[in-house]
Amino acid sequence: MNRFAEGIVKLKWLIIIAVLGLTVFFGYQIKFITINSDIISSLPDDDPAAKLYKSIGNQFGGNDIGMIVLETDNVFKVEVLKHVKQVTDSLMVTKGVSTVTSLTNVLDIKNAEFGIEIGKLVDEYDLPNTQEQLDSLKKYVFSKDSYKGSIVSKDATATLVLFTMEDNADKQLIAKGIRHKIEGLNLPETLYFGGLPMMMNDVSDLILDDIIWLVPIVFVIIAFILLISFRSLHGVVLPLLIAGLSVIWTLGIMVVTGYELTIISNVIPVVLLAVGSAYAIHVINSINENKLENRKHALIKALSFIIVPVILAAATTAIGFISFVFGAYLTMIKDFGIFTAIGTLIAVVLSIFLVPSLISAFSLNSKRIDKEKPARKTILSNVILHPLVTLLFKHPKYSLVAWAIFLLVSSVGIFQIKTSVNMSEYFKKDNPTRVSEDIMQQKFGGSQPVFIVFEGDMQSPEVLKLMISTEKFMKTDPNITVTQSVAGLIEQMNDAMGEGKRIPNEKAKVEQLWFLLDGQDIMPQLVSDELDKGIIQSKFASVESREMEVFTVKMNQFITENSTENCKISLTGMPSVYVKLNQSLIKSQYNSLIIAVLMVLLIIGLILRSGSKGVFATIPIISTIIILFGFMGFAGISLDIATVLVASIALGIGIDYSIHVITSFNNYLQESGDAEQSIEKTIMTSGKAIIINVTAVAAGFLVLLFSQMVPLQNFGLLVAISMFGSGFGALTLLPVILILANRKRKLKAN
Amino acid sequence: MKQKIQTAIFTMLIVAGSLFSVTAQDASTILKNMDDVMYSPKDLTGVNKIILIDKNGKQESREATVQQKGNDMRMLRFTAPASQAGIAVLSLPNDVMYLYLPAFGKERRISTSVKSQNFAGTDFSYDDMEAKPYTNKYTPKLLKTDATGFVLELTPKGQSDYSKLVVTINKANFYPEAMDYYDKGNNKVKEAKYIFKKVGNYWNAEEIEMTDLKKNHKTKMQMSDVKYDTGLSNDEFTVRKLKQ
Numbered sequence: 028m029n030r031f032a033e034g035i036v037k038l039k040w041l042i043i044i045a046v047l048g049l050t051v052f053f054g055y056q057i058k059f060i061t062i063n064s065d066i067i068s069s070l071p072d073d074d075p076a077a078k079l080y081k082s083i084g085n086q087f088g089g090n091d092i093g094m095i096v097l098e099t100d101n102v103f104k105v106e107v108l109k110h111v112k113q114v115t116d117s118l119m120v121t122k123g124v125s126t127v128t129s130l131t132n133v134l135d136i137k138n139a140e141f142g143i144e145i146g147k148l149v150d151e152y153d154l155p156n157t158q159e160q161l162d163s164l165k166k167y168v169f170s171k172d173s174y175k176g177s178i179v180s181k182d183a184t185a186t187l188v189l190f191t192m193e194d195n196a197d198k199q200l201i202a203k204g205i206r207h208k209i210e211g212l213n214l215p216e217t218l219y220f221g222g223l224p225m226m227m228n229d230v231s232d233l234i235l236d237d238i239i240w241l242v243p244i245v246f247v248i249i250a251f252i253l254l255i256s257f258r259s260l261h262g263v264v265l266p267l268l269i270a271g272l273s274v275i276w277t278l279g280i281m282v283v284t285g286y287e288l289t290i291i292s293n294v295i296p297v298v299l300l301a302v303g304s305a306y307a308i309h310v311i312n313s314i315n316e317n318k319l320e321n322r323k324h325a326l327i328k329a330l331s332f333i334i335v336p337v338i339l340a341a342a343t344t345a346i347g348f349i350s351f352v353f354g355a356y357l358t359m360i361k362d363f364g365i366f367t368a369i370g371t372l373i374a375v376v377l378s379i380f381l382v383p384s385l386i387s388a389f390s391l392n393s394k395r396i397d398k399e400k401p402a403r404k405t406i407l408s409n410v411i412l413h414p415l416v417t418l419l420f421k422h423p424k425y426s427l428v429a430w431a432i433f434l435l436v437s438s439v440g441i442f443q444i445k446t447s448v449n450m451s452e453y454f455k456k457d458n459p460t461r462v463s464e465d466i467m468q469q470k471f472g473g474s475q476p477v478f479i480v481f482e483g484d485m486q487s488p489e490v491l492k493l494m495i496s497t498e499k500f501m502k503t504d505p506n507i508t509v510t511q512s513v514a515g516l517i518e519q520m521n522d523a524m525g526e527g528k529r530i531p532n533e534k535a536k537v538e539q540l541w542f543l544l545d546g547q548d549i550m551p552q553l554v555s556d557e558l559d560k561g562i563i564q565s566k567f568a569s570v571e572s573r574e575m576e577v578f579t580v581k582m583n584q585f586i587t588e589n590s591t592e593n594c595k596i597s598l599t600g601m602p603s604v605y606v607k608l609n610q611s612l613i614k615s616q617y618n619s620l621i622i623a624v625l626m627v628l629l630i631i632g633l634i635l636r637s638g639s640k641g642v643f644a645t646i647p648i649i650s651t652i653i654i655l656f657g658f659m660g661f662a663g664i665s666l667d668i669a670t671v672l673v674a675s676i677a678l679g680i681g682i683d684y685s686i687h688v689i690t691s692f693n694n695y696l697q698e699s700g701d702a703e704q705s706i707e708k709t710i711m712t713s714g715k716a717i718i719i720n721v722t723a724v725a726a727g728f729l730v731l732l733f734s735q736m737v738p739l740q741n742f743g744l745l746v747a748i749s750m751f752g753s754g755f756g757a758l759t760l761l762p763v764i765l766i767l768a769n770r771k772r773k774l775k776a777n
Numbered sequence: 129m130k131q132k133i134q135t136a137i138f139t140m141l142i143v144a145g146s147l148f149s150v151t152a153q154d155a156s157t158i159l160k161n162m163d164d165v166m167y168s169p170k171d172l173t174g175v176n177k178i179i180l181i182d183k184n185g186k187q188e189s190r191e192a193t194v195q196q197k198g199n200d201m202r203m204l205r206f207t208a209p210a211s212q213a214g215i216a217v218l219s220l221p222n223d224v225m226y227l228y229l230p231a232f233g234k235e236r237r238i239s240t241s242v243k244s245q246n247f248a249g250t251d252f253s254y255d256d257m258e259a260k261p262y263t264n265k266y267t268p269k270l271l272k273t274d275a276t277g278f279v280l281e282l283t284p285k286g287q288s289d290y291s292k293l294v295v296t297i298n299k300a301n302f303y304p305e306a307m308d309y310y311d312k313g314n315n316k317v318k319e320a321k322y323i324f325k326k327v328g329n330y331w332n333a334e335e336i337e338m339t340d341l342k343k344n345h346k347t348k349m350q351m352s353d354v355k356y357d358t359g360l361s362n363d364e365f366t367v368r369k370l371k372q
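Protein chains in written order, with our numbering: chain Y, 28 to 777; chain X, 129 to 372.
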């Protein structure tokens, strides 16, 4: 280890230049970083329902539908109709928009006695302007299933304008332009913007906002804590430099390897700033404590002493992150795990190589030797650590019982934990996207798409009849109100031919009715060009996981019973995906926790060469996780795509405190052979470092409370709580266990 | 030197003269001439081949026989593909249409007030298919004249989904060569290209290629076996005939 440390000091200039070069390279790459706000793209390809949802959304354009709601007291007013027409006209002439459907331009097919009357529901050149005309329009709209609740809300207070975009257009850019344009009309009605392109645009803005606002705050807070802890400039600059470099390198690597920022990975900078500075702190701390006449020798000694513990701490943290790769459902969570792990490793490598190089190159370490200077009596040691030691030694059993009761109460909370997969809940209550989603749900039966895919000859009466019966079955669910399919259109056309609203029995008739539908704007959204695939489009109103599960189970059963050789049916859509996501949350929580616990246990056991000490070290962190879940249960914080990450991260970071305590205890025990004395010494020395570290990391994560995304706020709060929990556990529970274990059977150093 | 000046003056006179002759052809006259070329036959029969080309270049074709009399009577009877053979559309004055579907053995009257709807899966709207003189529907303005053609801007007189049309008219024979359609945001949304051939005394649109620029979809309408002025009677354009 000494020779390794010597080598680092020897090659300091090479290291500094290499780091500089790589930083310039990665920093330049960040210019090209892109934001992927498309949550759909994060759905895994190995889940058939998710894969189908992605491909159907693309093939039939369902993912590219934008919605604008105009809300007022009564839609059926001359003024309001004028405004709907204004919005419609404005959209029609917007570049990139391919079709627009609204109250003022929707086609209306009437069955008159003499034949078919194709017209507009409302004559856009001669809008109804008498009360009588308005009343009759309202009556007519509410008499037709295809309008009621889909183009005008059932309470007549809101109307929907739908638009689709051209295939190769930049949908987010168009969505942004449209919002700007429509808001610029200054209409008196309240406007809401919805649909995936709109939502994606909002999410992109939030991601950028979060990064721009949160990163500097974390930087300042950590700088402040470092300043009061180290009281030296390089004690502040070096840890922040390492953390900052690890952020730049990690983002640079993301760009080079072709990854994008997502609603989860945008916290990578915050996490790395909080976590990555810790390793440099340890290295500097060690260097500060080794003061010799020869600066170079002091540095080498300090370095060789700290390398292993620091690598160990980083390895356990990285394992916490890596554990997401196994079991996470969304690819963006896997990506987050991989890149924060990479960032953690970068931070530790830089702490080991760059920090000593810089200190040596610029002679930053002091060679002044404070001889026999008594340890400063600080508030920390006097008010907190000393009374703590007294308490633990006096009442080890009571302390243990207190912990046990605390854990028992927390365990009750675990059973109250709910899962949440509803994307709109990820936004704050007043966020425009969430408000729009809520309105869509209240007024227009939700905006969560459901697709039933039929593979077969779309002109065969058998397939079309099956579609109709499927639609009927779907509508028995209270959350499904409107369905749309080519079969429904064929029925309408058959009715128009005077043969009733049903699917004709002869294929020849279907083919000729098709002649009437060919080329209509709606057709590409319902059937494939080859006529071998068609979909039922619908919307699911509820966001309750349970109701979605009931629906998908029911539908899947119906599908298995009704699929035939000539027609394969499958279900997809947001409810199917949410159900899978929901199941996967708990599964991935189990998987990542078990993997993390096992790996940590293994590493500590190996390093300390003692199974029992490995188990002792994991007890505080496992207790912390129980408290964490208990808190989530009692506080009503759901397990969601972000909070599912907390436990493993807490484990990875929090285990470090126990490692410090147990390795330090082992060192003192080796020196003195007296376990109780070693425990006291450990608390008094490691205690300070742990409290500073807990405060710095927790403060860093608490900054996430200012995030625009609710899951990230919860994530920050929960990690902070876990940091306090694991720090407190390492300083109370672990010593108590050691005391009691020692009283039972004398502990020996390894 | 003197000679050079003389030549220059002479050239200028010629240019000025030709300019004068062009402006003398005012926009209305040019459009009227175009209408005359397109709508002067009393009647027409022929075979219409409709080729639909989607954004991937996939083609689909249909065939129909056409009979047309005057500006507002037309019978279109599909002969291919097999599934659509026998379907017939009869257009009569005042936006009245009858549709016959042989599989049902009956006709339905269709009244459509929506001219912007596309006709049977093509890129032609009912509006585009109308055989009404352009002078009735549009106010022309001459944009420019070049060696081979006139370019007119046509502004709709009544209700239309278009804000304007820009038509290039062949200078020698007054048939349209190209037509660009603009939406109300002044975006070009469709374009048509014409190939005219002389059949007997008349110029016939042998092929019209219409491209929908938003959908990236194309329709070619090709006319063959064209016969003019065969003396079609009004009896050819009745519901009874439709069902035959």
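Just so you know, the hints here were simulated from the structure itself, not pulled from any lab data.
Treat the hints with care, as some may be off.
Across the chosen pairs, the derived CB separations fall in these ranges [unchecked claim]:
# : chain 1 : residue 1 : chain 2 : residue 2 : range
1 : X       : Gly313    : Y       : Gln86     : 37 to 45 angstroms
2 : Y       : Asn532    : X       : Asn329    : 33 to 41 angstroms
3 : X       : Lys177    : Y       : Asn138    : 42 to 50 angstroms
4 : X       : Asp363    : Y       : Val105    : 46 to 54 angstroms
5 : X       : Pro209    : Y       : Lys528    : 49 to 57 angstroms
6 : X       : Asp363    : Y       : Glu482    : 34 to 42 angstroms
7 : Y       : Val105    : X       : Gln287    : 13 to 21 angstroms
Partial list, computed: chain Y residues near chain X (C-beta under 7 angstroms) [said to hold, decoys possible]:
#  : residue
8  : Val120
9  : Glu144
10 : Ile145
Since the model is a prediction, treat every value here as computed from it, not as a measurement.
We put the beta carbon where it would ideally sit given N, CA and C, even for glycine.
Could you tell me which of the hints above the structure violates, numbers in ascending order? Structure breaks hints 1, 2, 3, 5, 6.
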